[in-house]
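Single-letter residue listing:
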Amino acid sequence: MQLNKKKFLLLLLTICSLCLYLFIDIKPGTFDYAMKLRLPKVAGVILAAVCLSAGTLIFQTLVNNRILTPCILGLTPLYVLTQTVIIFFWGSTSLLVVNKTANFLLTIVIMLMCSMFLYRILFERQSQNILLLLLIGTVLGSLFSSFNQTLQRIIDPNEFMVLQNKLFASLTNINAEILFLGAILLFSVIIWCYKDLKYLDVISMGKEQAISLGVNYKQKVKKFMLAVTILISLATAMIGPVTFLGFLVVNVTHEIIKTYKHKYLIIASVLIGCITILLGQTLVENVFHFNATLTSLITFTGGSYFIYMVMRENNA
Amino acid sequence: MNRLIVSIIIIMLSIASVFVGVVGIELDAILRGDSHALLILFVSRLPRLTAVLITGIALSVAGLIMQQLARNKYVSPQTGATIFSAQLGFIIAMVYFNEAGKKMEIGLAFLFAMIGTTIFMIMVQRTKFKNVIYIPLIGMMLGNVISAVTEFISYRYNIVQNLKDWSAGNFSLILKGNYETLYICLPLVIIAFIYANYFNIAGMGDDFAKNLGVNYKLVLYSGLGIVSLLTAGVVVTVGSIPFVGLIVPNLVSILKGDRMKMTLIDTALLGAMFLIVCDIVGRLIIFPYELPIGLTVGVVGSGIFLLMIWRREVKRAA
Amino acid sequence: MLKSKRLSKKYGKKTVVKEVDFHIPHGKITSLIGPNGAGKSTVLNMIARLIERESGDIMFKEKDVLEWNSTELAKNLSILKQSNSLYLKLTIKELVEFGRFPYSKGNLTAEDREKVDIAIEYMELDDIKDRYLDELSGGQRQRAYIAMVIAQDTEYLMLDEPLNNIDIKHSKNMMRLIRKLCNELHKTVILVMHDLNFASCYSDYIIAFKDGKILKAGNAEEVMTREVLEEIYELPVAIHNIEGRNICVYY
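Residue numbers (the working numbering), protein chains in the order written: chain A, 144 to 459; chain B, 91 to 408; chain C, 999 to 1249.
The following block holds chain A by itself, in its conformation from the complex (with noise of 0.2 angstroms):
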């Protein structure tokens, strides 16, 4: 079938990209070396390509649109707000911020605590509108940038330099604890999920059509919404904030894979997320040379193309 040749292509791609990376710029004599440094990194960047690219996957099926992302739950200037805090009132040097495990699971609590109690305020009040609970979410970002604002302001500059790292996405916060603990919290989103993925070809008709069809909408939706959240907050807590990658490759995954079927558009995502992630860091690394982030890059990509997208005639 052609939706398999598909993905049978993009998992070549995928692989090359990933041996591009790793290969690439070898001096002789240093192999172990750079695999030692390389392969944690591969593992970290292929997590984050799998949770990114699936959480806005599903995110936008919910949501029904192909232009809004996971971005503005406020997942990200929580993620700030979050690190700023942590630097400003205990400093650099703190046990949360030197040891790396401590600080990835004290960012996913506190994201996860955070949507759970706005998602039960709202589900809770029997409304299920999901763009409101997205407006509520980019106005309490408003209130974090503002925080954020305020204390990055007056952090020290020495402080505010480790900070920095933290803001923009790096693959350097990874280590294999992390990897460890964010492969088991993947797995187990993805085996609580698996059952259920077959209810988003029925959601991504509209609320009425699937409630029609029989699907339990409320508890469905509730359910995948909790869902994108943690799979962003590992994705952000695990190598910062990659706003645009999501939409990127969803997008490109739908004009790639034209089918509704989400079993097809979710294995597709997650290839094209790797790929995408991948070649991003071999260039950042051996083209610009660190001298842009990974973030920027992806950003500035996704962000003409959402332009790009927002200024066709009729987009929807």
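Hints listed in this document are in silico derivations from the structure and should not be mistaken for laboratory results. It is possible that part of the hints are untrue.
[Stated by the list, open to error] With a straight-line cut-off of 27 angstroms between C-alpha atoms, the simulated DSSO-like cross-links for lysine-lysine are:
#1 B/Lys254 - B/Lys266
#2 C/Lys1103 - A/Lys149
#3 C/Lys1211 - C/Lys1003
#4 A/Lys149 - A/Lys179
#5 C/Lys1211 - A/Lys363
#6 C/Lys1087 - A/Lys350
#7 A/Lys341 - C/Lys1103
#8 A/Lys404 - C/Lys1073
Using the hints provided, position chains B and C relative to the given structure of chain A.
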């Protein structure tokens, strides 16, 4: 809402504002002509007061015009990418045209604000998905894209922390001689008042405007020009301040409706009052230090805004 | 088999449906009529669980619709609304296949495929079944959606303003089709209607709403009377019996 009462409140708050500060100045010292007191008054306190008032007026009027033109109550310089675009222009001026001074800064901030806002308006007009909440969300997305570019530039030139410093709204550094660029806002507000009816009509749509013999495009772009210049003036002089342009026009609209000729003055007054209250609170709360206005407004503004959407949307959906 | 008891709904402080009791006759076409805001669409949406009710019961086959398992209910009861602005790019066939979702959850069996084919054929969409929905005319798209609910194979079918935005010819075809669905496929059809004369000519049973209450329920002759309609719409009407049908003139 009575304009007279609001005006009196503003005057009283203004007087109070003049006397709040680390260095106490007393009324009789000023009346005696004490040179030290007069110096503080004219170099620091009055400029600050003026800046606060003008900023409040400028941002709320900009929000009002945008809401009219986009026909959406959730649109504002903040949710319509204007502020973020102006910041981008500002930082480009700072980095690449370091010597050119305030005129260049405002010019570039205005240019970018205009481009960003225009993209946003085209988005609004082209999107099929007309849900009211959707529009500010794509505006915020656009804002995210633009501020990512800003962050990239600041990262490249290693001025990320300075960027936070410039971009956060702050009145504490306002002194005589560095805030006068804000005066550019006053004639703009007057122009907006004179042509208020046109914005109202353009807000009802292209066809409606044509039917009444109004050149829609001309009014639309003049409106966006005014909004962009107001925002650019504020961003360059005091930094970005969230929520004012979003909530003040909404509060006025709830109380007085949407006839812009009638509500523009109220919006300006309420905007000035809102900002001066936030400013005084921010200066008193951890006296003798002060909270930056961006934070005070962020907290108060997001609270009011959440209440507002709660009232409007949840009740409707319930 | 489908009836309500003291069904109510409020929006904020405004009560739009006030303690309504009705029963829908089995195997017939029932039309809900009434002015805007009378509560008829709200009732329909509450039956379909699209809107949450304030209080009261909606019993379907001796069990409240809220107690039904969502999937099981979707095999017995379907709703079609007019606001079908899909963001998906689907072909007619793919859309109709969705109708089988309650049965197979996306993995179509041979029986599902057969039902899909039958539904497509029934709606005479065979030639264009691989065309995308957004390439179709309004009438074709509507037929595609009906094919979907036929494939869903529910005993009860609810249509919210099926004649909205279509011309007289297509309106007539639509109503004849609904009649056919009722007579040939033995479906119970519930309609929200604005056009009184279409309702009069094609329904077996009419429920007239006003201000959130049922003013009159009965067969077409009983409801299509001057007294009832004048009270509902608050304007003078005349009823003429033409070819055995009560036709209402209100111009």
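query: Can you give the numbers of the hints that this structure goes against, from lowest to highest?
result: As far as the earlier hints go, 4 and 5 are violated by this structure, in ascending order.
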